[in-house]
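Undergrad: So the protein sequences, as listed, match chains A and B.
Taking the working numbering, the leading residue of the first sequence gets 1, the next gets one more, and so forth.
Taking the working numbering, the leading residue of the second sequence gets 117, the next gets one more, and so forth.
Because the hints were derived from the structure by calculation, they are not lab data.
Given the structure is predicted, the values throughout are model-derived calculations rather than measurements.
Quick reminder that beta carbons are idealized off the backbone N, C-alpha and C, glycines included.
Each hint should be verified, as a subset may be incorrect.
Under the rule of at most 30 Å between Cα atoms (straight-line distance), these lysine-lysine pairs were calculated in the DSSO-like manner [claimed, not checked]:
no., chain 1, residue 1, chain 2, residue 2
1, B, K224, A, K15
2, B, K174, B, K184
3, B, K165, B, K185
4, A, K11, B, K224
5, B, K227, A, K11
6, B, K174, A, K57
7, B, K224, B, K174
Footprint (simulated), chain B over chain A, 3 or more residues, beta carbon under 8 Å [to be verified]:
no., region
8, 13-21
9, 29-43
10, 71-77
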Amino acid sequence: GAGVSQSPSNKVTEKGKDVELRCDPISGHTALYWYRQSLGQGLEFLIYFQGNSAPDKSGLPSDRFSAERTGGSVSTLTIQRTQQEDSAVYLCASSLAGTSGRREQYFGPGTRLTVT
Amino acid sequence: AQSVTQLGSHVSVSEGALVLLRCNYSSSVPPYLFWYVQYPNQGLQLLLKYTTGATLVKGINGFEAEFKKSETSFHLTKPSAHMSDAAEYFCAVTLPSGAGSYQLTFGKGTKLSVIP
């Protein structure tokens with residue numbers, strides 16, 4: 001595909017359920033990022049993957065959040081035991097090797113998560 | 117740590133009028149600066165970026181921004197607003213290199229309305 005794709009586009013879940021959000025980065029992009037966009041907090045960095053290096057998980061808000069990246073491509077963000085405060089738009093981005101701030105991050109359309 | 121402040125969560129301009137969206141940053145080292153635009157239900161699209169060199173940066177859709185180190189500002193301007201410019205605009209900062217250089221720190225965003 002031409003851009004970053006995310007699925008599902010919308011997800012409604014009940015409090016306490018687990019959810020998985022998927023991101024397909026641009027082909028050839030070795031760096032992948034997850035951000036969260038919420039009304040109260042704005043846009044927040046969550047996690048960063050670069051090639052085979054250990055991910056930077058410093059932005060994950062709690063241990064209920066985890067992410068993996070299989071084969072250096074597709075990534076899944078998992079939220080366990082969802083809470084209402086997890087309701088937000090989850091954005092994925094990818095770039096060429098991300099060790100320089102110069103690298104442009106290309107964003108997907110996001111997954112809107114609503115926890116009822 | 118770096119931070120971004122965007123003055124004005126909502127800005128309204130008349131079609132054809134000057135657009136000015138304000139962004140001030142805080143960083144311990146000279147940062148890289150970005151403006152992104154977000155249309156409803158879409159991801160973020162890069163408008164322009166400043167890394168090094170010329171402090172006046174031109175971007176897509178007729179937008180430009182000037183990096184002013186003495187004022188720690190990176191305001192976004194467009195001489196003549198068009199209806200299609202109505203969107204939310206985010207200023208972001210990152211470090212040029214080293215730890216955290218891949219992580220964008222965003223402002224809260226400014227929603228631009230264009231009045232016909």
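Undergrad: Does each hint fit the structure? Answer for all of them.
TA: Here is what the structure says about each hint:
1. This hinted pair checks out: K224/B and K15/A have alpha carbons roughly 27 Å apart, not beyond 30 Å.
2. Our distance criterion of 30 Å between C-alpha atoms is met by K174/B and K184/B, whose separation comes to about 15 Å.
3. With a CA separation close to 15 Å, the supplied pair K165/B and K185/B stays within the 30 Å bound.
4. Between the alpha carbons of K11/A and K224/B the distance comes to roughly 24 Å, so the proposed pair stays at or under 30 Å and holds.
5. For the hint linking K227/B to K11/A, the alpha-carbon distance of about 25 Å falls within 30 Å, and the restraint holds.
6. At most 30 Å may separate the alpha-carbon atoms for a hinted pair to count; K174/B and K57/A exceed this at roughly 34 Å.
7. The hinted pair formed by K224/B and K174/B meets the criterion: a straight-line CA distance of about 23 Å does not exceed 30 Å.
8. Look at the region 13-21 of chain A against chain B: 0 of its residues bring a Cβ nearer than 8 Å to a Cβ of that chain, fewer than three, so the hint is violated.
9. Counting residues of the region 29-43 of chain A whose C-beta lies closer than 8 Å to any C-beta of chain B gives 5; at least three are required, and the coverage claim holds.
10. Counting residues of the region 71-77 of chain A whose C-beta sits closer than 8 Å to any C-beta of chain B gives 0, which falls short of three, so the coverage hint is violated.
When the structure is compared with the earlier hints, violations turn up for hints 6, 8, 10 and for no others.
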